[in-house]
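Full structure from sequences and hints, please.
Number of protein chains: 2
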Amino acid sequence: MTEPTLQSDLNSFDLKAFLTEYGRLVVAAMEKRIARYPEESRVTQAMRHSLFAGGKRLRPILCMTSAEAVGGNKDHVMDVAAALEFIHTYSLIHDDLPALDDDDYRRGTPTCHKAFDEATAILAGDGLLTSAFEILSHAADDGLLPAEKVLTIIAGISHAAGCNGMILGQMLDIEGEHESLTREELEDIHNNKTGAMIEVSVFSGAYLGGGTPEQIAALDVYAKNVGLAFQVIDDILNVIGDPKVMGKAVGTDAELGKSTYPALMGLDGAQDFAERLINKALQAIVSFDNKCDPLRSIATYILTRSR
Amino acid sequence: MTEPTLQSDLNSFDLKAFLTEYGRLVVAAMEKRIARYPEESRVTQAMRHSLFAGGKRLRPILCMTSAEAVGGNKDHVMDVAAALEFIHTYSLIHDDLPALDDDDYRRGTPTCHKAFDEATAILAGDGLLTSAFEILSHAADDGLLPAEKVLTIIAGISHAAGCNGMILGQMLDIEGEHESLTREELEDIHNNKTGAMIEVSVFSGAYLGGGTPEQIAALDVYAKNVGLAFQVIDDILNVIGDPKVMGKAVGTDAELGKSTYPALMGLDGAQDFAERLINKALQAIVSFDNKCDPLRSIATYILTRSR
Chain L
1 MTEPTLQSDL
11 NSFDLKAFLT
21 EYGRLVVAAM
31 EKRIARYPEE
41 SRVTQAMRHS
51 LFAGGKRLRP
61 ILCMTSAEAV
71 GGNKDHVMDV
81 AAALEFIHTY
91 SLIHDDLPAL
101 DDDDYRRGTP
111 TCHKAFDEAT
121 AILAGDGLLT
131 SAFEILSHAA
141 DDGLLPAEKV
151 LTIIAGISHA
161 AGCNGMILGQ
171 MLDIEGEHES
181 LTREELEDIH
191 NNKTGAMIEV
201 SVFSGAYLGG
211 GTPEQIAALD
221 VYAKNVGLAF
231 QVIDDILNVI
241 GDPKVMGKAV
251 GTDAELGKST
261 YPALMGLDGA
271 QDFAERLINK
281 ALQAIVSFDN
291 KCDPLRSIAT
301 YILTRSR
Chain W
1001 MTEPTLQSDL
1011 NSFDLKAFLT
1021 EYGRLVVAAM
1031 EKRIARYPEE
1041 SRVTQAMRHS
1051 LFAGGKRLRP
1061 ILCMTSAEAV
1071 GGNKDHVMDV
1081 AAALEFIHTY
1091 SLIHDDLPAL
1101 DDDDYRRGTP
1111 TCHKAFDEAT
1121 AILAGDGLLT
1131 SAFEILSHAA
1141 DDGLLPAEKV
1151 LTIIAGISHA
1161 AGCNGMILGQ
1171 MLDIEGEHES
1181 LTREELEDIH
1191 NNKTGAMIEV
1201 SVFSGAYLGG
1211 GTPEQIAALD
1221 VYAKNVGLAF
1231 QVIDDILNVI
1241 GDPKVMGKAV
1251 GTDAELGKST
1261 YPALMGLDGA
1271 QDFAERLINK
1281 ALQAIVSFDN
1291 KCDPLRSIAT
1301 YILTRSR
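Those protein sequence lines, which keep their order, are chains L and W.
The first sequence runs 1 to 307 under the working numbering.
The second sequence runs 1001 to 1307 under the working numbering.
Derived from the structure by calculation, the hints contain no laboratory data.
In this text, all values refer to a predicted model and were calculated from it rather than measured experimentally.
Here a beta-carbon is modelled for each residue, glycine too, at the ideal position from N, C-alpha and C.
Be careful, since some hints might not be right.
Said to hold, decoys possible - If you want a taste of the chain W side facing chain L, the calculated C-beta under 8 angstroms gives, among others:
#	residue
1	Y1022
2	P1038
3	A1147
4	V1150
5	T1304
Claimed, not checked - Restraint ranges, calculated between C-beta atoms of paired labels, are given here:
#	chain 1	residue 1	chain 2	residue 2	range
6	L	M265	W	F1052	38 to 48 angstroms
7	L	G257	W	T1252	52 to 62 angstroms
8	L	T212	W	Q1045	40 to 50 angstroms
What the hints assert, rightly or not - Which chain L residues stay away from chain W? Per the calculated CB distances, all over 10 angstroms, these:
#	residue
9	V27
10	R36
11	A115
12	G125
13	L136
14	G162
15	N164
16	G257
17	L303
18	T304
19	S306
Next up, the structure:
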């Protein structure tokens, strides 16, 4: 697989430049917020190692872009954007631990427990998760967002990240290793493990950006389909991806005897399935104006990504 | 050491009955809130294993009692009380992991990673921490607490639990193993590792209970001194405690070459120091009326506890 075609059908929209620009804004927002913690502390250093090791910044960018899609201001959701990436990063650090996926490389750099040690990686994950909520607790400080709305977002994010969402999915994923899962069981794992956080990223932006209930509902359909498509492509890349481009090992699902979409439907079937999901996502937001073009373009990009 | 003398100087106050009653309220509050998560899930079972393995419930009881000390209603702080114990329990689960303290028993029962496995224990800790913030995000739902005040509490708790508080202290504690620390360094570790969460437990109750700034400041002095005394006694019990009464191993600090108060000042010196701290704590709240008797009694109990 070659570099993804970042030029989508939306010819006027340069997604690559957009992702670079918004990615920089996310990094700047995270820099500002991690600066609250003592820089000389080993646990802060470990948090920084993983936060700034690259990454697509998909969740914060979805949050910012969803706020703009409904006419909101992305600057007002940067606390939420940063918190989403802190939580995503913590989940990667803990997933990579020897007791879980036991991965040595992530985004081409040593994983947190390899660069530091296991105890520090556990604490760094705990630190990022705790910091995410500290960041969110200050999201109403400048008076741009009402406290009630911020509490709704904290409720949504903690629900999505917790034992009815990401952590439940992670547990089911571990329990499902070396077992032959049905498509429904696999979908349930992914909806929890990655879908819930992608959904709440879109919801946070749409809700804080002032979206109508109809807009928020439409964007939720978008997010559900994009989230699942993202995971289907992840499974495909674990079979056919280039480890150099991906910055991590491939073939690990097969080694662990994990049920995957390619295993269930074949590579072509899985690719077709992902395309159908992305079409559903695009259909859900067909009535939105051109402020929604970044979301459309991201959906198309997910199909063609190589890492 | 025999069972603690729960009868304090405050002859009219039966602390043992009080702790039993309030401990039951904490357990009931936690039961209600853990019920939000799927009971059949392995990670929920692991969370329940550690939540309901006993314990003093000191932090939630301090929160409830501080609310009452300033004339507030403990029923209004039960979300916060439960969240504080969820966070405390997560910190114990992760502390006990092989990569950290590697403890097999806690409160007389197998630690989470022994009863389940390491991956599940990591996820159970993550789950409890995330759930704590989910609980807090709903603390304004019944209209008894304003959203702004709840955000202030989330800010305070995430600060105390995070990389300027408990996690920083935990990291310093690990780094300080096999090193000879000064008394200032040791105090810094403890103020972060246990002090910050005890302080915010008292603050949460006093603030949400409607305390005046003066009352809150006085209770903060109480909390700082009680928190440090608690840790000094912990160090003493690690030397002279009865593992049967404590439900965990003793002598572990010496094995790890940890700096402790008994090592720095001798057993008698450490006991004297704890007594001076408790006297300072009592002095700080000397002008409070008898609604503060439970806090007074808890301070005295901390000196004489055997587990």
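Taking the hints in turn, this is what the structure says about them:
no., hint, in the structure
1, Y1022, "26 angstroms, violated"
2, P1038, "7 angstroms, holds"
3, A1147, "4 angstroms, holds"
4, V1150, "6 angstroms, holds"
5, T1304, "33 angstroms, violated"
6, L:M265 x W:F1052: 38 to 48 angstroms, "43 angstroms, holds"
7, L:G257 x W:T1252: 52 to 62 angstroms, "39 angstroms, violated"
8, L:T212 x W:Q1045: 40 to 50 angstroms, "41 angstroms, holds"
9, V27, "19 angstroms, holds"
10, R36, "7 angstroms, violated"
11, A115, "15 angstroms, holds"
12, G125, "7 angstroms, violated"
13, L136, "7 angstroms, violated"
14, G162, "4 angstroms, violated"
15, N164, "6 angstroms, violated"
16, G257, "16 angstroms, holds"
17, L303, "31 angstroms, holds"
18, T304, "33 angstroms, holds"
19, S306, "30 angstroms, holds"
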